[in-house]
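Given chain S, work out where chain V should sit, using these hints.
Those protein sequences? They're chains S and V, same order as listed. Just so we're aligned, residue 2 is where the first sequence starts under my numbering, counting upward by one. Just so we're aligned, residue 2 is where the second sequence starts under my numbering, counting upward by one.
If you are wondering where the hints come from, they were derived from the structure by calculation, not from laboratory data. Please note that the accuracy of each hint is not assured.
In this list, chains with the same sequence are indistinguishable; a pair is considered to hold if it fits within one copy or across any two.
Claimed, not checked - For lysine to aspartate or glutamate, the following DMTMM-like pairs were computed, each having C-alpha atoms within a straight-line distance of at most 25 Å:
id: 1; residue 1: Lys158; residue 2: Glu11
id: 2; residue 1: Lys57; residue 2: Glu20
id: 3; residue 1: Lys57; residue 2: Asp91
id: 4; residue 1: Lys149; residue 2: Asp91
id: 5; residue 1: Lys57; residue 2: Asp46
id: 6; residue 1: Lys57; residue 2: Asp75
id: 7; residue 1: Lys149; residue 2: Asp7
Source: prediction; values computed, not measured.
Protein chains: 2
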Amino acid sequence: MPLRSDWTGERCPIARSLEVLGDPWVMLVLRQAFSGVRRFEQFRDQLGVAENVLSKRLSTMVDAGLLRRVPYQDQRRTRHEYVLTETGADTFPIITALAQWGERHRPHADPGIRMDIVHRSCGHESTTADFCSHCGQHLTVEATSWRKSWRDPQDLKLTGAAA
Amino acid sequence: MPLRSDWTGERCPIARSLEVLGDPWVMLVLRQAFSGVRRFEQFRDQLGVAENVLSKRLSTMVDAGLLRRVPYQDQRRTRHEYVLTETGADTFPIITALAQWGERHRPHADPGIRMDIVHRSCGHESTTADFCSHCGQHLTVEATSWRKSWRDPQDLKLTGAAA
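Same shape as in the complex, but just chain S (with noise of 0.2 Å):
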């Protein structure tokens, strides 16, 4: 554990959430969980993170109740993937409110890279987290999309919690 402090029992709720979420590769992995990933290679190799950090940290998050494993079919044997659960897919406010303030707090030295909030309902990029300040609706993980200027195409459409 990275947490210098057991935080479980804190009456405070927002240290009782940085208990788990207070951990900055947890964090990336719920980033890459509502990019899509699903299987440990992935995290590894999008993440740049060492296999035993990485386990660790996938093992604390199912304890946690964050994402769920979900057994598939490997050519040669059974093997897990790991999905978002709604516990771990209502984190998306935090991981938005997180990237909005990225971007205007902490520009990329290069002013062309950034990535913005769209929602998809209405076309627009948002500025707030929770509702999209262009036309109000709940920004929903579903109609929700990660503008990145480097990517190509530009929009990634984002997973929420597997069914």
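Relative to chain S, chain V alone:
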């Protein structure tokens, strides 16, 4: 630094945010700053954090533009306190979303202990972070209280960026 990687140059703004906000002590210092804490001893005592850990975080947060050092006169000498900048206060939706997620998904073992986000302008609790879920108005720091069931009085008015 608690982070295992340098994410300042990442294209993704979530990673750039996590470079500073991915440290749970930083988030808890922000929580105390929103609660009106300004002085080193208060942060230390209320967070139960070691002085060297706290010093390091405060200096990181000043460097990152989240806090500003302001001199004040002690009986004997000039000392400094720490106030939120606009950049620091702009983490409010992230902090609020963490509190709401924590209450929903990691409730305290004692169901009588909870903290709600109260939008004072309309007088109702909000379950969303950017805009009040009851009246739809923007949920500013200045119009928000934290209602702590264990506190007397229960409602704590929050403090935003210092003028």
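Hint-by-hint comparison with the structure:
no.: 1; hint: Lys158 with Glu11; verdict: between (36 Å within a copy, 20 Å between copies)
no.: 2; hint: Lys57 with Glu20; verdict: both (15 Å within a copy, 20 Å between copies)
no.: 3; hint: Lys57 with Asp91; verdict: within (22 Å within a copy, 32 Å between copies)
no.: 4; hint: Lys149 with Asp91; verdict: both (22 Å within a copy, 23 Å between copies)
no.: 5; hint: Lys57 with Asp46; verdict: within (16 Å within a copy, 32 Å between copies)
no.: 6; hint: Lys57 with Asp75; verdict: within (22 Å within a copy, 47 Å between copies)
no.: 7; hint: Lys149 with Asp7; verdict: between (37 Å within a copy, 20 Å between copies)
Violated hints for the displayed structure: none, as all numbered hints are satisfied.
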